[in-house]
Amino acid sequence: SQQGEEDPQALSIQEGENATMNCSYKTSINNLQWYRQNSGRGLVHLILIRSNEREKHSGRLRVTLDTSKKSSSLLITASRAADTASYFCAILPQAGGGNKLTFGTGTQLKVEL
Amino acid sequence: DTEVTQTPKHLVMGMTNKKSLKCEQHMGHRAMYWYKQKAKKPPELMFVYSYEKLSINESVPSRFSPECPNSSLLNLHLHALQPEDSALYLCASSQVIQSNQPQHFGDGTRLSIL
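Just so you know, the protein sequences line up as chains A and B, in that order. With our numbering applied, the first sequence covers 1171 to 1283. With our numbering applied, the second sequence covers 37 to 150.
Hints listed in this document are in silico derivations from the structure and should not be mistaken for laboratory results. Fair warning: this is a prediction, and the values are worked out from it, not measured in the lab. Yeah, the Cβ is synthetic: ideal placement off N, Cα and C, and Gly gets one too. Worth double-checking, as some hints may not be accurate.
[As the list claims (entries may be wrong)] Simulated restraints on C-beta separations: (1) A:Leu1283 with B:Lys89: 47 to 53 Å; (2) A:Ala1180 with B:Leu150: 30 to 36 Å; (3) B:Met51 with A:Ser1228: 43 to 49 Å; (4) A:Asp1236 with B:Asn53: 35 to 41 Å; (5) B:Ser122 with A:Glu1282: 29 to 35 Å; (6) B:Asn136 with A:Asp1236: 15 to 21 Å; (7) B:Met51 with A:Arg1220: 43 to 49 Å; (8) A:Glu1175 with B:Lys89: 45 to 51 Å; (9) A:Glu1175 with B:Arg99: 28 to 34 Å; (10) B:Ser148 with A:Asn1188: 21 to 27 Å; (11) A:Glu1225 with B:Arg146: 14 to 20 Å; (12) B:Glu94 with A:Ser1198: 38 to 44 Å.
[Stated by the list, open to error] To be clear about the criterion: a stretch of chain A counts as covered by chain B if any three or more of its residues have a C-beta under 8 Å from a C-beta of chain B, and this derived list gives those stretches: (13) 1211-1223; (14) 1271-1277.
[Said to hold, decoys possible] So these bits of chain B aren't anywhere near chain A, every CB distance computed over 12 Å: (15) Met51; (16) Lys54; (17) Lys58; (18) Ser108; (19) His113; (20) His115; (21) Ala116; (22) Pro138; (23) Leu150.
Can you build the whole structure from these sequences, using the hints too?
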């Protein structure tokens, strides 16, 4: 399966702490993307990192990519209650056509006050 | 507010009913997608349209019939569904089918089959 595996499955932290989520995959990728999904809502794109990139930042988000280990991590710094959501990595494999994203299993993040 | 609008937000139907899900975007995107998402699971791709033509069908049962009347609209026609088809159905769009384009999602239609 090309599906990414994420860990942890669930993460509970206090507001102000950092949250780290990891994604591992099995195939060679073109890029890897991270999405957030609030309960009962659609997915929101956070960051796209290409296979030749190692790190990207966007506000309080930092994504790293290690293609040799076929893994990526998403770090949310100074977390807020509003960051409570499910986070999915999504991979676009090198092989195959089109924009056919395959989503990972997801991490449920809960940020408590 | 999302830029991809899906209607209805909720739908309850019997197994013999015919209904349609609708999706609309006005971002000028030329690629549109249907996903199915079960509770606490990741979205699973069903169909991809590129320039109003069906590009990918992920071996979806024929009781699901997609339609792309124009570049802004995407429909999913439903007929004779099964209880296991109950799920959140998400529509997404991207500028074109290219590898470096993020997808924009609607909030979905929550479908319940009685």
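Which earlier hints can't be squared with this structure? Numbers 4, 8, 10, 11, 12, 22, in rising order.
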